[in-house]
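Peer 1: These are the residues of each chain, in order.
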Amino acid sequence: MVRFIIRRLLITIPTIIVVITLTWALVKLAPGNFYSGEKRLPPAIEKNIREKYGLDKPWYQQYAKTMANILLHFDFGTSLRFEGQSVNTIIRRSLPVSAAVGILAYLLALVVGITVGSIAALKQNSRWDYASMALAMLGISIPNFVLGPILVLVFSLSLYWLPPSRWNGFPSINLILPVLTLSAIYMAYIARLTRAGMLEVLRSDYIRTARAKGLSERDVVIKHALRGGLMPVVSYTGPALAFLLTGTVVVERIFALPGLGNYFIQASLNRDEPLIIGIVAFISITLLLMNMLVDIVYAYLDPRVRYQ
Amino acid sequence: MVPVTLKQFSALVLLAAMAYSTLSCAVASSSEAYFGTTTPPARNILRYVTGDEPESLDPAISNGQPEARIYMALFEGLVEYNPKTLGPDPELATHWSTNDDSSEFIFYLRRGARWSNGDPINANDFVYTFRRAFAKETASRNAYMGYSIKYAQPFNEGQVFVRDKSNGTFLLAKDFDQLVPAEPLSGSPIDPNKNEYQQAGKDSEPPPANTPFHEAMHTPLRLTLPGDEKSRTKLLNSDAKLKAAVANKELVPVKAEDLGIEAVDDYTLRVSLTSPSPFFVKALAHQVFRLVPQKTVENWGEQWTQPEHIVTCGPFKVKTWRPYDKLVVERDPMYWDAATVKLDEIYFYPMSDNPTIMNLYKVGDVDAVLNHTVPNAWLDIVRTKQDYMDGVEASIDYLIINTTKAPMNDVRVRRAFNMSVDKEAWAAWRKVVKPLTAFTPTGIFAGYPQPTGDAFNTEEARKLLGEAGYPVMKNGDGSYSCPKFPSIEFIYNTQESNKAMAEWMQAQWKQNLGITVTLRNMDWKTFLVARAKLDFNGFGRGAWGADYMDPFSFLSLFTEGGDSGTGWTDPKYSDMIDRANRTLDPNERYRLLAEAEAFMLKAQPVIPLDTGSVNWVKKPYVKGMYPNAGSLFAWKYVYIERDQAKWDFKAPSLAE
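Keeping their order, the protein sequence lines are chains A and B.
For the record, in the first sequence the residue sitting at position 80 is 80 according to our numbering, with numbers rising by one throughout.
For the record, in the second sequence the residue sitting at position 31 is 31 according to our numbering, with numbers rising by one throughout.
Just so you know, these hints were derived from the structure itself, not from any lab.
A couple of the hints might just be wrong.
As the list claims (entries may be wrong) - Result set (BS3-like, lysine-lysine): computed pairs, CA atoms no more than 27 Å apart in a straight line:
(1) A:Lys-39 <-> B:Lys-84
(2) B:Lys-602 <-> B:Lys-533
(3) B:Lys-136 <-> A:Lys-39
(4) B:Lys-243 <-> A:Lys-47
(5) A:Lys-57 <-> A:Lys-39
(6) B:Lys-136 <-> A:Lys-65
(7) A:Lys-28 <-> B:Lys-602
(8) B:Lys-431 <-> A:Lys-39
Given these sequences and hints, build the entire structure.
Peer 2: Next comes the structure, spelled out in structure tokens:
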């Protein structure tokens, strides 16, 4: 098992180097630079800026410096756009915001999705089933950049119940709308996964056995059916959580949240090289770690994977 | 516990929802004259959306308007923008005098001004701030704003003087460059019997005593050469006379101490300029001239702007700063005019999505927002409200033309395209802007005899195109076609409003000239590169806002080294501008500038479209904020009015 984990970790390092190199090259190839604006700068001032940030050096020197800092010191450097703010600080500051919204959204999606999915499976082909699956279909089909503004329109602008946007610490009522918007699609997806899983399990022999033993319907569902029916949901959780943790560009933008996703999109538009590389590297590491965790869990469950 | 059925529960929820919505409707309708709620905040706090996340709290660094507004709360300069006219109001300088050709200024500083840490502010702080702003290492994007200060430009560019080792004299610019204009008073030897400050009037203080530094400034402009060897060698090789003169001479780097700025005493500052600049004081409220704290900057380097280190000198000081969330500034008790400051705190929210900003405003989570925030589709509703801020802006929209590529290198073609855009219709479609045929904004510079460009005239336009060799034919169905005209394009940065503009222009030319212009969109930074390199054939979207309240802030774009984005320059134009700026009488100067503008318009390197509109909203209880032409606000005058009778009904007047 330990050897398996070490092997996986060793594969992760070159992957990250490749990701960083590709990102670096793409940023360098993109036209424009972080300091350009509506008013063009005189060439001498442009030169001063390029010298200050070492952009006048040959590309291989710039690349070597970037890589050395990242690999040896785990330092992504200082943002070009936001003077004096280190990329590490920016990530440390914005990650909790993204994670708070993401985890809350996923928890909500789990609770509602599993409940609705189970009810739908237990009352298959009833009105409950059709209604909840229609809702789930809607949840999957409506993109969050549509759902977000609709929720704002109803709950903020018409009813004046909830604030329409902005971060206000944790916990606060400002979180309700972004969490709802973000969780809708996961909720719907989990509901469908649960329903499908449960339907399969409910028809299996051991459920019949449990019923035959004379267990109450409640015990049958909670102790036996749910456990087996939720397997698809568990394997879905890994990648979904990695995605949610590292920020969701659209929702953070609509609700003006100071999360990682917001920084990511702005950094790209601003051509803020260190920040782009830092965030991309961070997201890749998170994804790789999450995938590795899933693999380890699989290996634990299924010995065949370990020896392949 | 009484069991509640699902049905009962749903009914309860529904009932609650209905009750609440009726209630909130009642609240909303009571303030229908305004857009959204009008409940003032409990404390004297202004919550303001200022635009994009500030790049830095260092006033030398950023050149953006969102930052400029923040700097106005934190830092002060010699002068401050007037809340209504944006003209220079005395701030850390109580008064100033100008020599007789506007090439030297003396500022008398306020006594008793302090930094937020209690240290006194004196003339040396200004000397440090100016020297730092132009230092290469600072890499300020705004340094060009002060290039009129003597040796500021060569210092910023890292250039060198040429000194004769034998006698210590410097080579002079006028001996090597025909284009160097005649020396202004500030560059001529001092005549002890002559008062250079006659213009300043009898009541003003006599100019301060002479100093060795002042003597040194009052000498003809020295020659400067590029600091890096490669460009210097290239220049010398192209000019034999220069090369011979420089040989065996000593190259001396231009140093901070060479800059034309001098602390005559603790409260008197003298600034020498390279050439007459009547607009100089108007530019001094700009962020790059705002004071920065020497000790703090030297101690902390780039980190000096972090909340735990920063020292400021404005009416407010930093309380907390959470990037992409909010910057909180609080009243600074050390501020010299703290008694005038009415707000306890200002929250600056960095946001750039207009609908999101307007939503926050509507529900009353913010009290005022930045300019250009009301989306076009919302204007019909928001414009009718009493809290809508209408007003002309010192900004223009126009189209740039790449004048270096055929067919647009023909002035007749450029004029034809200009004449076939109906600017009245354009302004009506955009709703809040004013049509424009000149390059300076209309209604901003009082007394400026703004010229007019060609009017909308499609008949004449088609005739001009014919003369240029591209005859326009009338088709059977009344439409036009111009089969010989080569394909040209219109470039713009991807944004909904820019796309609409491009399509609107495309339709005009199709309808009036029968020419289809291809549209090409690109992301913002790519667009800037294409525009800078003239890497397009045809038109591009252009916009310009005033750096200071003077027509020269617009007209300077077309002088040599300017940023017109069109490839058009004309030495005659530069001469006309130069002559105007040497003219002392302000009315005569304006007349000459207008002549130059008319001359440029005839060459048609651009198609002017409109004078901008400020287009923002503020709650009626926010007082002391005016829809001025630059959307820059002196925060110390802003306050929350709790007496409804004194609220603003309609945008407050800009008349003084």
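Peer 1: Hint by hint, say whether it matches the structure.
Peer 2: Now the hints, each set against the structure:
no.	hint	in the structure
1	A:Lys-39 <-> B:Lys-84	holds (25 Å)
2	B:Lys-602 <-> B:Lys-533	holds (24 Å)
3	B:Lys-136 <-> A:Lys-39	holds (20 Å)
4	B:Lys-243 <-> A:Lys-47	holds (25 Å)
5	A:Lys-57 <-> A:Lys-39	holds (25 Å)
6	B:Lys-136 <-> A:Lys-65	holds (23 Å)
7	A:Lys-28 <-> B:Lys-602	violated (41 Å)
8	B:Lys-431 <-> A:Lys-39	holds (26 Å)
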